[in-house]
Amino acid sequence: MTIENKIKIGWFVFSCSEDNTILFTELLNDHWQEWKKIFDFRHVKVLKKNNIYDEFDIAFIEGAIASPEHEEKLKDIRSRSKKVVAVGACAVTGVPASQRNTFTPEQKEAIQFLVDRFGALPEVKKVADVVTVDASVPGCPMNADMFLKAVNGLVAELRPELAQAQS
Amino acid sequence: MHMINIELEHITKIEGDASISITVEDGKATKVHFITEEYKRFFTEALKGKSILAVPSHLSRICGTCSNAHVLAAIEACEMALDIQPTKQTMMLRALTLHGLTIRDHALHLYLFCMPDIYGKDAFLDFDENDPHENQLLHDAFAIKSAGNFLATIIAGRSIHAMFPAIGGFIKYPDAEQVAQAIEKLESVREATVRLVAEFEKCTFAFDRHTDYMALLPDEGYGYINGRIRTSKGEVYDEKLYRELVEHVVLPYSQASAYQYKGDSYMVGALARMNIARDKLHPKTKESCQSALALFPSTNIFHNNLAQAIEIMHSVDESIDLLKNNPIVQEDLVKMPYREATGIGVIEAPRGALYHKIHVGADGKIMDGEVIVPTGQNQINIEEDCGRLVEDLVAKGVTDVEAITFELEKLIRAYDPCMSCAAAPNREERNEFSEEQQEIIEMYQQELRDLETWRNELLQKCEANERDGKDCNALRQVIEDEYFEKELELRQRAHYAEHSV
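These protein sequence lines are chains A and B, in that order. Start counting the first sequence at 1; every next residue gets the next number (my numbering). Start counting the second sequence at 1; every next residue gets the next number (my numbering).
Rather than coming from a laboratory, the hints here were simulated on the basis of the structure. These numbers were taken from a predicted model, which means no experiment stands behind them. Please note that the accuracy of each hint is not assured.
Stated by the list, open to error - Here are the simulated lysine-lysine pairs, PhoX-like style, with alpha carbons at most 20 Å apart:
id: 1; chain 1: A; residue 1: Lys37; chain 2: A; residue 2: Lys6
id: 2; chain 1: B; residue 1: Lys324; chain 2: B; residue 2: Lys284
id: 3; chain 1: A; residue 1: Lys49; chain 2: B; residue 2: Lys410
id: 4; chain 1: A; residue 1: Lys36; chain 2: B; residue 2: Lys121
id: 5; chain 1: A; residue 1: Lys49; chain 2: B; residue 2: Lys121
id: 6; chain 1: A; residue 1: Lys108; chain 2: A; residue 2: Lys125
id: 7; chain 1: A; residue 1: Lys45; chain 2: A; residue 2: Lys6
id: 8; chain 1: A; residue 1: Lys83; chain 2: A; residue 2: Lys73
id: 9; chain 1: A; residue 1: Lys37; chain 2: B; residue 2: Lys121
id: 10; chain 1: B; residue 1: Lys262; chain 2: B; residue 2: Lys486
id: 11; chain 1: A; residue 1: Lys75; chain 2: A; residue 2: Lys49
id: 12; chain 1: A; residue 1: Lys75; chain 2: A; residue 2: Lys125
id: 13; chain 1: A; residue 1: Lys45; chain 2: B; residue 2: Lys410
id: 14; chain 1: A; residue 1: Lys49; chain 2: A; residue 2: Lys36
id: 15; chain 1: B; residue 1: Lys121; chain 2: A; residue 2: Lys45
id: 16; chain 1: B; residue 1: Lys48; chain 2: A; residue 2: Lys108
id: 17; chain 1: B; residue 1: Lys396; chain 2: B; residue 2: Lys410
id: 18; chain 1: B; residue 1: Lys48; chain 2: B; residue 2: Lys365
id: 19; chain 1: B; residue 1: Lys50; chain 2: A; residue 2: Lys108
id: 20; chain 1: B; residue 1: Lys410; chain 2: B; residue 2: Lys121
id: 21; chain 1: B; residue 1: Lys284; chain 2: B; residue 2: Lys185
id: 22; chain 1: B; residue 1: Lys262; chain 2: B; residue 2: Lys233
Said to hold, decoys possible - So these bits of chain A aren't anywhere near chain B, every CB distance computed over 10 Å:
id: 23; residue: Leu28
id: 24; residue: Ile38
id: 25; residue: Val131
Note that beta-carbon positions come from the ideal geometry of N, C-alpha and C, so glycine has one too.
From just these sequences and the hints, can you work out the full model?
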């Protein structure tokens, strides 16, 4: 299959532990040959250097939104993507990256100078607080079976002929 | 004045998000900032008030790839605080947990992050399945990662954010069939680990700079979960003394903290372990890696990757032995009543020494905590290496920024930094300096780096002369005396600047 016919994938990471990225690289152990045939890993920083930031069939979003720059970047990704999938607890619920939102006043006072120094948002947000999300895969790390189900479902929706060829 | 500015943002094929900013003026690197771009998640502040039982799973979330090392460091800290002595089997299962992590994590780094640079490819998945050698590497990579993943999963419940290790033992145990499957998977990748070591042994990437090394190593054997802190200078410290070894350095430009040892940069990780304790590797590993091991001790940072490859083989050999010779039985968790105390946990994570400290109250609630990660300890060493690398390239006439940034990326990848770890923890210390103070502090820090460069260059000349049979002991003494005197003066001035109003 030529690269033009493949499903264009973006994988973007915001504030989190990157456990879903690691789980994704573990899922490659069993799926790399199959995914290599149907996916154009167009912007996946953990896999390649020459990432292309233009348009995506599926954009996977990992992590919570911690800064105004994060918000702008996420909105821009949304505008370039047919489907946006939030993966992992931080993206889906905000927690634990957003744990500072529920700190006591004393805890907030203790960290405020760092929040200010790096221009972070007053409160950390989940992905759906900023953009419309087409699918969510919860879990910390994300549930692998739910991720595969979401991926297969989106392949079937976006490119039914590829899903049939896989089955 | 001839000036080159290098800005490399969002470095690819590393864990997390980092950038590097370098300024070279008349051939000298006058600014080198390795910047953690990740936003702080305040894990140590969030510890306060949590039940001690929640600490391992909470601190695990600092980092996805290093999570199981954080789980075990946290458990060790909690057990020390509660005066719990884990059983021999528990220690064996923890060793297996770390072996599973080491195999999976090093393999991800070596194949998916580093190997494309060696083969001139953009991505590991670009390797050609129709080329027998590249196809073999593709299959080796995912088979080794899978074996490490399976080992961690049957022993610890998951290879990410392990669920079975607990304060006082394990809450679930693998059955005999799972153990047999793990042995089979590990034995099936043994030959692939030999090929992996050969790949990195023949790699010609090289960058040498004298530095110090530090690692937690057992008195017997080569392991990751207990022992004493050893340095390449031959010093040995009890792990409880770690805070006397690692000195916090403020980096106003980065979300991470940095650390020094006795005022100097140092390195932790596979290269440190291999330099200090390679003679304690598994006998089969030593047998299979004779020519590769002859390259150590090494100050070539790219040998960190070779050391990681050797460690994968060691973890495979050790795990097979442990699983074959130690039938796993059900055990109850060891429990002790709560008390007010401080606990320290030290683990050799794949990237190096990882320190956790907690202070728990008599009610079992955490009052305070601290986490020091390997990448924070390597931060200054990375900056010093990057500065020297760029100076060397410029001295050779390389001025193409793209060529320089590629060499920088290779060097940074060789360290296998983890930016998720680097940004998340450390005690959130308040350190607001005025602009003027900051400028003065940075000036002294730069002078200290220049001083170290001066010393290292002279020491390298001594080494070269000694190889030619000349006696340089007296000269070495003069260099060290001069260095010590100037260093002391600069540190006193920097200290005065930091504490003056």
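Results of checking the hints against the structure:
A distance of roughly 8 Å separates the Cα atoms of Lys37 of chain A and Lys6 of chain A; the hinted pair therefore holds under the 20 Å criterion. Proximity of Lys324 of chain B to Lys284 of chain B is assessed by CA-CA distance (about 15 Å); at most 20 Å being required, the pair is judged to hold. Among the hinted pairs, Lys49 of chain A with Lys410 of chain B is consistent with the structure: their alpha-carbon atoms are about 11 Å apart, no more than 20 Å. For the proposed pair Lys36 of chain A and Lys121 of chain B, the alpha carbon gap of about 16 Å is at most 20 Å, so the pair holds.
Restraint check: the Cα-Cα separation between Lys49 of chain A and Lys121 of chain B comes to about 9 Å, which is no more than 20 Å; the hinted pair holds. For the given pair, Lys108 of chain A sits about 17 Å from Lys125 of chain A by alpha-carbon distance, which is consistent with the 20 Å threshold. Under the criterion of a C-alpha separation no larger than 20 Å, the hint pairing Lys45 of chain A with Lys6 of chain A is consistent with the structure, at around 18 Å. Proposed proximity of Lys83 of chain A and Lys73 of chain A is supported: the alpha carbons are some 16 Å apart, at most 20 Å.
Restraint check: the Cα-Cα separation between Lys37 of chain A and Lys121 of chain B comes to about 18 Å, which is no more than 20 Å; the hinted pair holds. Between Lys262 of chain B and Lys486 of chain B, the direct Cα distance comes to roughly 14 Å. Compliance with the 20 Å bound is thereby established for this hinted pair. Between Lys75 of chain A and Lys49 of chain A the CA atoms are separated by roughly 23 Å; this puts the pair beyond 20 Å, and the hint is violated. Only pairs whose Cα atoms come within 20 Å are accepted, and Lys75 of chain A paired with Lys125 of chain A is accepted, the gap being roughly 13 Å.
Simply put, Lys45 of chain A and Lys410 of chain B have alpha-carbon atoms about 15 Å apart, close enough for the 20 Å limit, and the pair holds. This hinted pair checks out: Lys49 of chain A and Lys36 of chain A have alpha carbons roughly 17 Å apart, not beyond 20 Å. At roughly 14 Å between alpha-carbon atoms, Lys121 of chain B and Lys45 of chain A fall within 20 Å of each other, so this suggested pair holds. Of the pairs offered as hints, the one joining Lys48 of chain B and Lys108 of chain A holds, with about 12 Å between alpha carbons and a cut-off of 20 Å not exceeded.
Restraint check: the Cα-Cα separation between Lys396 of chain B and Lys410 of chain B comes to about 18 Å, which is no more than 20 Å; the hinted pair holds. A hinted pair counts as satisfied when its Cα atoms are at most 20 Å apart, and Lys48 of chain B with Lys365 of chain B qualifies at roughly 7 Å. The suggested pairing of Lys50 of chain B with Lys108 of chain A holds, with an alpha-carbon distance near 16 Å, which does not exceed 20 Å. For the hint linking Lys410 of chain B to Lys121 of chain B, the alpha-carbon distance of about 13 Å falls within 20 Å, and the restraint holds.
For the given pair, Lys284 of chain B sits about 17 Å from Lys185 of chain B by alpha-carbon distance, which is consistent with the 20 Å threshold. With a C-alpha separation of about 12 Å, the suggested pairing of Lys262 of chain B with Lys233 of chain B holds against the 20 Å cut-off. Under the 10 Å C-beta cut-off, the non-interface status given to Leu28 of chain A relative to chain B is violated; the minimum distance is some 7 Å. Distance check on Ile38 of chain A: its Cβ is at least 13 Å (rounded) from any Cβ of chain B, clearing the 10 Å threshold; non-interface status holds.
With a minimum CB-CB distance of about 18 Å to chain B, Val131 of chain A clears the 10 Å threshold, and the non-interface call stands.
This entry does not satisfy hints 11, 23, going by the numbered hints stated previously.
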